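Undergrad: Residue numbers (our numbering), protein chains in the order written: chain A, 1 to 394; chain B, 1 to 394.
Note that these hints are calculated values from the structure, not bench results.
Errors might be hidden in some of the hints.
Copies of one chain are not kept apart here, so a pair can be met inside one copy or by any two copies together.
[Unchecked claim] Below, in silico cross-link-like pairs of lysine to any residue (SDA-like), each with a Cα-Cα straight-line distance of 25 Å or less:
hint, residue 1, residue 2
1, Lys300, Val198
2, Lys300, Ala224
3, Lys300, Leu33
4, Lys2, Leu248
5, Lys283, Thr380
6, Lys300, His164
7, Lys283, Gly314
8, Lys300, Asp77
9, Lys283, Arg329
10, Lys283, Arg364
11, Lys300, Arg23
12, Lys300, Gly24
Owing to the predicted nature of the structure, the values given are computational and were not obtained by experimental measurement.
What follows is each chain in one-letter form.
2 protein chains.
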Amino acid sequence: MKVLVIGGDGYCGWATSLYLSSRGHDVTIVDSLARRAWDRELGLDSLVPIASTRRRIDEWSRVTGRTIRFEELDVTDYAPLCRVVRENAPDAVVHFGQQRSAPFSMIDRDHSVRTHINNTVGNMNVLWALHENAPSAHLVKLGTMGEYGTPNIDVEEGFITIEHNGRSDTLPYPKQPGSFYHLTKVSDSDQIFFACRVWGLSATDLNQGVVYGTSTEQTALSPALVNRFDYDHVFGTVLNRFCVQAALSHPLTVYGRGGQTRSFLDIRDTVRCIEIALEHPAKRGEYRVFNQFTEMFAVKELAERVTRVAREHGLACGIAHLANPRVEREEHYYNCVNTNLRSLGLEPTPLSDATIAGLIGLAREHIDRVDARLIPPRVTWRAEETPPDASAVA
Amino acid sequence: MKVLVIGGDGYCGWATSLYLSSRGHDVTIVDSLARRAWDRELGLDSLVPIASTRRRIDEWSRVTGRTIRFEELDVTDYAPLCRVVRENAPDAVVHFGQQRSAPFSMIDRDHSVRTHINNTVGNMNVLWALHENAPSAHLVKLGTMGEYGTPNIDVEEGFITIEHNGRSDTLPYPKQPGSFYHLTKVSDSDQIFFACRVWGLSATDLNQGVVYGTSTEQTALSPALVNRFDYDHVFGTVLNRFCVQAALSHPLTVYGRGGQTRSFLDIRDTVRCIEIALEHPAKRGEYRVFNQFTEMFAVKELAERVTRVAREHGLACGIAHLANPRVEREEHYYNCVNTNLRSLGLEPTPLSDATIAGLIGLAREHIDRVDARLIPPRVTWRAEETPPDASAVA
Numbered sequence: 001m002k003v004l005v006i007g008g009d010g011y012c013g014w015a016t017s018l019y020l021s022s023r024g025h026d027v028t029i030v031d032s033l034a035r036r037a038w039d040r041e042l043g044l045d046s047l048v049p050i051a052s053t054r055r056r057i058d059e060w061s062r063v064t065g066r067t068i069r070f071e072e073l074d075v076t077d078y079a080p081l082c083r084v085v086r087e088n089a090p091d092a093v094v095h096f097g098q099q100r101s102a103p104f105s106m107i108d109r110d111h112s113v114r115t116h117i118n119n120t121v122g123n124m125n126v127l128w129a130l131h132e133n134a135p136s137a138h139l140v141k142l143g144t145m146g147e148y149g150t151p152n153i154d155v156e157e158g159f160i161t162i163e164h165n166g167r168s169d170t171l172p173y174p175k176q177p178g179s180f181y182h183l184t185k186v187s188d189s190d191q192i193f194f195a196c197r198v199w200g201l202s203a204t205d206l207n208q209g210v211v212y213g214t215s216t217e218q219t220a221l222s223p224a225l226v227n228r229f230d231y232d233h234v235f236g237t238v239l240n241r242f243c244v245q246a247a248l249s250h251p252l253t254v255y256g257r258g259g260q261t262r263s264f265l266d267i268r269d270t271v272r273c274i275e276i277a278l279e280h281p282a283k284r285g286e287y288r289v290f291n292q293f294t295e296m297f298a299v300k301e302l303a304e305r306v307t308r309v310a311r312e313h314g315l316a317c318g319i320a321h322l323a324n325p326r327v328e329r330e331e332h333y334y335n336c337v338n339t340n341l342r343s344l345g346l347e348p349t350p351l352s353d354a355t356i357a358g359l360i361g362l363a364r365e366h367i368d369r370v371d372a373r374l375i376p377p378r379v380t381w382r383a384e385e386t387p388p389d390a391s392a393v394a
Numbered sequence: 001m002k003v004l005v006i007g008g009d010g011y012c013g014w015a016t017s018l019y020l021s022s023r024g025h026d027v028t029i030v031d032s033l034a035r036r037a038w039d040r041e042l043g044l045d046s047l048v049p050i051a052s053t054r055r056r057i058d059e060w061s062r063v064t065g066r067t068i069r070f071e072e073l074d075v076t077d078y079a080p081l082c083r084v085v086r087e088n089a090p091d092a093v094v095h096f097g098q099q100r101s102a103p104f105s106m107i108d109r110d111h112s113v114r115t116h117i118n119n120t121v122g123n124m125n126v127l128w129a130l131h132e133n134a135p136s137a138h139l140v141k142l143g144t145m146g147e148y149g150t151p152n153i154d155v156e157e158g159f160i161t162i163e164h165n166g167r168s169d170t171l172p173y174p175k176q177p178g179s180f181y182h183l184t185k186v187s188d189s190d191q192i193f194f195a196c197r198v199w200g201l202s203a204t205d206l207n208q209g210v211v212y213g214t215s216t217e218q219t220a221l222s223p224a225l226v227n228r229f230d231y232d233h234v235f236g237t238v239l240n241r242f243c244v245q246a247a248l249s250h251p252l253t254v255y256g257r258g259g260q261t262r263s264f265l266d267i268r269d270t271v272r273c274i275e276i277a278l279e280h281p282a283k284r285g286e287y288r289v290f291n292q293f294t295e296m297f298a299v300k301e302l303a304e305r306v307t308r309v310a311r312e313h314g315l316a317c318g319i320a321h322l323a324n325p326r327v328e329r330e331e332h333y334y335n336c337v338n339t340n341l342r343s344l345g346l347e348p349t350p351l352s353d354a355t356i357a358g359l360i361g362l363a364r365e366h367i368d369r370v371d372a373r374l375i376p377p378r379v380t381w382r383a384e385e386t387p388p389d390a391s392a393v394a
């Protein structure tokens, strides 16, 4: 299958590109390298050094004999995007090419608008480019479970049947996004649903949980293929951050009480979910939503688990509850459905102590590259507040 | 009350600015004059000639002795917007400053993205400008009833209580926007709700129906105060277009079967609704939604009504069902709640034969300015289709 992977140089995108290539698909990465630029702008860096895009693609070819093509372009720039879609005539487009950090989007007005334009105009361009150049290609778009917020009812997959005043309809599931970043993902979903209804595009919207882990079978084949490992307060996802903190014997920084429950999955399941979506494409005109996660955890539960594993490996490790820089419920009902991907064959990789120990071990290997100042949250949702300090250490 | 009216040079904005000024409020119009530029770009013009912004504001001062200030700026440009908000320290901001035509947003990719950036980035800037400069000001934002689409259940005002699997929550009402323009309004609503939750802004989101009519008591005071009257296929709203067609003895162009039912209101009620929202502001942190319409009509019902009034005035007048350029249900359930504004004192002006006759009469006065080529739809939602021709004349 010919697949364009937009954002294929990023965290999930790189792992997915290699996986799809290893499975025999003809992969072209489309990436603006914006994420690398944002790292430089904010003084951040992957804990594990990553090779340049060219270098890692060449290495993939050397190690496996498989070719991945690379088009450096920004999807907010329409003409080159159309050229690439026309020239490649893809069977599918996997769209990861977005600014994916909630804190980044909350830094200030400029970062919120940049996130908004990058994500939503990029998404519109992808839709128009498919409509005008490849209307039968299957769009696989990465959304987030965060679009739903934390409603007091079960979270279904994209749609919900509502009975009201004696009548009934199946409607888009109500969304309560919690940052300007999350708002862009909701807007994208609405746009994609519209494009399917009106233009007959076919799309799978993957509402992904929080991803943890960094390596896959493919990225492990060579040091030059290694995936990024973000641990900073902007791009680091919670479990990866905790494992770096454990490696440093730094208290695990839980925002608020830590009762915030979220959906999670291992990056090795991410790549498999994308493959499943591609192998079972949406029909022409169909917009479908898969909730892409395998387990639900409260943040404090994860902190306790990492603490235990760290201690078993001889690391002194506590938990620090910080004043929550975000505005979110810290104790709430949370129950999300994820049957669509399971029914198509996903076999979940549950979070194991071995995975946690592996991440801690990886962090220890690169401990000299850690800048501990990048770990505490500095972006607050309410601008009038000063950045929170540690208020308690368990 | 000090009020900024963003988009105060436009159709609803101008009528509202004059009305609020006449009621003793201290009004500053903020407008980029983008709408006048779009008219020039597309070769369109108000049926009734309108004066320049400066000229009409001066005339208002001459006729009434009241001052309206004018700041020419684009809300997508953040720094000048902040300056105006700081300098004016408004009690309230009424935000009409958006591209409001669904067909405009569907012309091509460029127009869809321009609509998206103009509306959604403008909206973000307004939110940030209030957050950073006037956090206690009341934002009154114009949305549209079109955000809801045509669900098979009653349309509530912004939120709906959902019972699901034995649990219950009150959540944002599911939206099914029908054009890139409508998508921007949904995105705006989500952003505003977020800004109220997270920053404690106070906002009233007015989901307005299709507005008809053109004059109010204030715009009628002098020819230089007259409001715009759009009859073209891009900016003309359906009843106004029908009245111009009747004046021309042109068949009334109904898109498809005409069973599309929508919410409507007279522009004289629009200005009153804004006043009601201002007089009863949302509380700090409150996001509330009012459905701003007075009656619901099917399009063919309106066509029949205009035809009858026209014939009573001696005008030969038929109905032409055109192939529908839009993608929408032509027969559907539609029942919308509009109790919030009523309970705060709105006394609806129902559509009367006199109003229809008045619009037909106004069109006849300016009949030499009508360009009949601008009436039939030229923008199709499905790009592969050719523009529809009249398929039947009743």
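Undergrad: Hints first: check each against the structure and report whether it holds.
TA: Going through the hints against the structure:
1. Lys300 with Val198: between (44 Å within a copy, 23 Å between copies)
2. Lys300 with Ala224: Result: close neither inside a copy nor across copies, 35 Å intra and 66 Å inter.
3. Lys300 with Leu33: neither (34 Å within a copy, 53 Å between copies)
4. Lys2 with Leu248: This pair counts as neither: shortest intra-copy Cα distance 43 Å, inter-copy 56 Å.
5. Lys283 with Thr380: between (42 Å within a copy, 23 Å between copies)
6. Lys300 with His164: neither (38 Å within a copy, 28 Å between copies)
7. Lys283 with Gly314: neither (53 Å within a copy, 54 Å between copies)
8. Lys300 with Asp77: Classified as neither; 42 Å inside a copy, 42 Å across copies.
9. Lys283 with Arg329: between (38 Å within a copy, 21 Å between copies)
10. Lys283 with Arg364: neither (47 Å within a copy, 51 Å between copies)
11. Lys300 with Arg23: Close neither inside one copy (37 Å) nor across copies (56 Å); limit 25 Å.
12. Lys300 with Gly24: Answer is neither: 41 Å inside a copy and 56 Å across each miss the 25 Å cutoff.
Hint compliance for this structure: hints 2, 3, 4, 6, 7, 8, 10, 11 and 12 are broken, all remaining hints hold.
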